[in-house]
Amino acid sequence: MSPATAPAPAPEPADRSPEAIAARLAAVRARVDAAAAAAGRDPAGVRLLPVSKTVPAGVLAAAWPHLAAAGVTALAENRVQEAAAKAAELTGPRWAVIGPLQSNKAGRLAGFADEFHALDRAKVADALQRRLVEHERVLEVLIQVNTSAEPQKAGTDPAGARELVAALAAGRWPNLRLRGLMTMAMPDDGTPAGAAAVRGCFTRLRELREGLAADFAAELPEGALAELSMGMSGDFEAAIAEGSTQVRVGRAIFGARKPAGAG
Numbered sequence: 001m002s003p004a005t006a007p008a009p010a011p012e013p014a015d016r017s018p019e020a021i022a023a024r025l026a027a028v029r030a031r032v033d034a035a036a037a038a039a040g041r042d043p044a045g046v047r048l049l050p051v052s053k054t055v056p057a058g059v060l061a062a063a064w065p066h067l068a069a070a071g072v073t074a075l076a077e078n079r080v081q082e083a084a085a086k087a088a089e090l091t092g093p094r095w096a097v098i099g100p101l102q103s104n105k106a107g108r109l110a111g112f113a114d115e116f117h118a119l120d121r122a123k124v125a126d127a128l129q130r131r132l133v134e135h136e137r138v139l140e141v142l143i144q145v146n147t148s149a150e151p152q153k154a155g156t157d158p159a160g161a162r163e164l165v166a167a168l169a170a171g172r173w174p175n176l177r178l179r180g181l182m183t184m185a186m187p188d189d190g191t192p193a194g195a196a197a198v199r200g201c202f203t204r205l206r207e208l209r210e211g212l213a214a215d216f217a218a219e220l221p222e223g224a225l226a227e228l229s230m231g232m233s234g235d236f237e238a239a240i241a242e243g244s245t246q247v248r249v250g251r252a253i254f255g256a257r258k259p260a261g262a263g
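Numbering (UniProt numbering), first residue to last: 1 to 263.
Take the hints with a grain of salt, since some may be wrong.
[What the hints assert, rightly or not] Computed Cβ-Cβ distance ranges for the label pairs, DEER-style:
1. ALA62 <-> GLU163: 37 to 45 Å
2. ALA20 <-> ALA88: 22 to 30 Å
3. ASP15 <-> ALA170: 49 to 57 Å
4. ALA37 <-> ALA197: 19 to 27 Å
In short, the hints are calculated from the structure, not lab data.
Cβ coordinates follow ideal geometry from the N, Cα and C atoms, glycine included.
The whole structure should be built from the sequences, with the hints applied where relevant.
Shown next as structure tokens:
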């Protein structure tokens with residue numbers, strides 16, 4: 001095959017040494033702090049939640065002392081199976097599951113997770129409540145809201161979020177501790193209109209939280225709707241401008257994973 005038609009080589013995986021991860025974390029934290037300052041906010045009010053999906057447990061174990069020294073207290077995983085396996089090997093951090101959950105996997109999550117950021121229906125809450133009672137544990141939860149109205153995305157709609165908040169406020173699931181709301185914005189297509197659409201997703205979540213906090217102020221404990229988890233590697237500055245209190249960052253901290261099939 002001639003050089004002109006040869007396929008491009010696969011990209012090299014990112015350096016995942018503890019020092020490289022720590023350096024990328026510091027760079028992301030600097031961006032978070034700058035975005036908060038630009039929005040007139042205290043940077044300490046924005047939690048950086050590293051998303052460790054695809055990162056082997058051994059890499060995380062080596063990097064954890066550096067992450068903890070930088071103020072990281074928790075790691076997040078999309079899938080409950082991966083989170084459970086890593087939590088069994090690495091007991092230092094709190095563990096958050098941020099991906100959708102099937103009710104038949106509630107028992108596994110209830111046994112180890114500290115946080116669940118993707119509650120979107122009562123059936124899952126019912127299953128978690130039963131399993132949490134069995135494990136004698138409580139679980140911090142965020143309600144995931146689909147603010148982009150994309151049918152392929154998980155999350156309830158604003159009306160469904162209101163129903164879940166009402167049920168939590170009424171004590172239907174006493175072992176679930178409501179902490180706030182979570183969303184994922186639509187992809188940014190690089191145009192001004194795309195950027196505005198992304199920010200609109202964050203605006204809608206903030207406005208929903210404000211309305212729910214006002215409407216349920218008498219029923220909910222203080223801090224029950226304090227958290228707005230929104231913003232990822234490519235859009236967290238816009239999320240912070242709209243009031244995000246947690247940004248979920250994976251690629252910008254841990255780098256791209258090694259391509260499948262690479263040696």
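Hints, one by one, checked against the model:
1. ALA62 <-> GLU163: 37 to 45 Å: Given about 44 Å between the Cβ atoms, the range holds.
2. ALA20 <-> ALA88: 22 to 30 Å: holds, 26 Å
3. ASP15 <-> ALA170: 49 to 57 Å: holds, 50 Å
4. ALA37 <-> ALA197: 19 to 27 Å: Taking Cβ atoms as reference, ALA37 and ALA197 lie about 25 Å apart, which means the hint holds.
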